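Protein chains in written order, with the numbering used here: chain C, 1 to 192; chain B, 1 to 192.
Simulated from the structure, these hints should not be mistaken for lab results.
Zero decoy hints are in this set.
Stretch by stretch, here's where chain C covers chain B in the computed footprint (C-beta under 8 Å, at least three residues):
1. 3-16
2. 25-39
3. 143-154
4. 163-176
None of the values given here were measured: they were computed from a predicted structure.
From the three backbone atoms N, C-alpha and C, an ideal C-beta is built for every residue, glycine too.
Number of protein chains: 2
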Amino acid sequence: MSDNSRNQKIIDLLNRRQTNMTVFMDEVHKPHNLAAIVRTCDAVGIGEVHAVYPEGMISSCGHTASGSNRWVETHTHNSLDEGIIPLKEQGMQVLAAHFSDRAVDFRAIDYTKPTVVLVGSELYGVTERAAEVADEHVLIPMLGMVQSLNVSVATAIILYEMQRQRETAGMYDSRQIDEQTFNRLRFEWLHP
Amino acid sequence: MSDNSRNQKIIDLLNRRQTNMTVFMDEVHKPHNLAAIVRTCDAVGIGEVHAVYPEGMISSCGHTASGSNRWVETHTHNSLDEGIIPLKEQGMQVLAAHFSDRAVDFRAIDYTKPTVVLVGSELYGVTERAAEVADEHVLIPMLGMVQSLNVSVATAIILYEMQRQRETAGMYDSRQIDEQTFNRLRFEWLHP
Ligand SMILES: C[S@@+](CC[C@H](N)C(=O)[O-])C[C@H]1O[C@@H](n2cnc3c(N)ncnc32)[C@H](O)[C@@H]1O
Ligand SMILES: C[S@@+](CC[C@H](N)C(=O)[O-])C[C@H]1O[C@@H](n2cnc3c(N)ncnc32)[C@H](O)[C@@H]1O
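One chain only, chain C, in its complex shape (with noise of 0.2 Å):
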């Protein structure tokens, strides 16, 4: 790509960023469902997510499978409560991807509000506290034996649900990040 293409490349990706709306990894530990889903964010114009990872676990892991680090900046936190409580304070609808009874189908959501997706690890799902800080819990219907889906798969089908329905609002129409952030990373990132 010529600097003039990727210099274009870049103001028109920053030009549709979503500021509000973001992905709260709860204790997904694969390095390749990390990559997959921050890849994924950068994918729908999400800049910024959020991990708790497990204990033990070097937090760099999520660092290592993909250049998508890049361009989506990780925030980590040491819990759940540390990383998600400032987020509803900013007054952010926290959905937990989670089979419970209070569960509703994921397209029945209105993702143009300020939005958390909130997804669980691959093995225990999400946490007891999760699910309780969540205000909705969303659902991927399944139609066959298994009984969930790959973490960043399910991660991926709630999101692009999401860049439909603000697509469709023109939300990605007009620039939302403020001009000093724009000129950071077009800087940052015109000049590696």
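Based on the hints, put chain B with the ligands in the right spot on chain C.
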């Protein structure tokens, strides 16, 4: 699960199975991707998938990481043509998930038609031959810096659009598989 509720679950699942919808994995080679794709297929009611494995790869590879292989049958082929031509001859539309000049948005497709979704390898994508054989190229919008999604993620996003359309069209409401297959699978799954 009790034998009775397992029996009912199996009957319900078989009644929802989509016989004229399949996925073709063209040289996808990472076991976790193959496993995630098969798992998603089970979840949307696809009972048979097709694969060509890259040369040298032990074809049992796809069978390690996932229990879904019990519920979804993988037909392996020695070449793309060997696998895809018979499907085309049955009148199925072949959609290659592929970035090209002739690619259309994946949501613009009618998935209620008999459909093969063909996906390409992690590194090289869809081959020239596969792109040529395909009736359409479909593409999931990418709004970020990264060029492509993880292959199991891309497959799942397309399959859940299919699920949405077929649900709306009532295609999960009446049995598609023949009596013989129904009885065989029911027997096999109930008596492991
Ligand atoms: C492999 S699943 C965890 C399965 C775990 N055994 C359980 O019972 O929750 C990992 C995560 O993916 C997400 N997930 C998987 N399938 C989902 C579905 N059909 N609907 C919503 N979320 C799903 C959830 O966030 C879940 O915590
Ligand atoms: C990781 S991608 C291959 C990338 C490869 N470098 C290329 O240029 O094609 C693996 C496969 O996932 C599917 N895929 C990934 N992102 C996609 C998207 N945005 N739209 C459609 N298919 C996609 C395609 O089938 C692709 O062949």
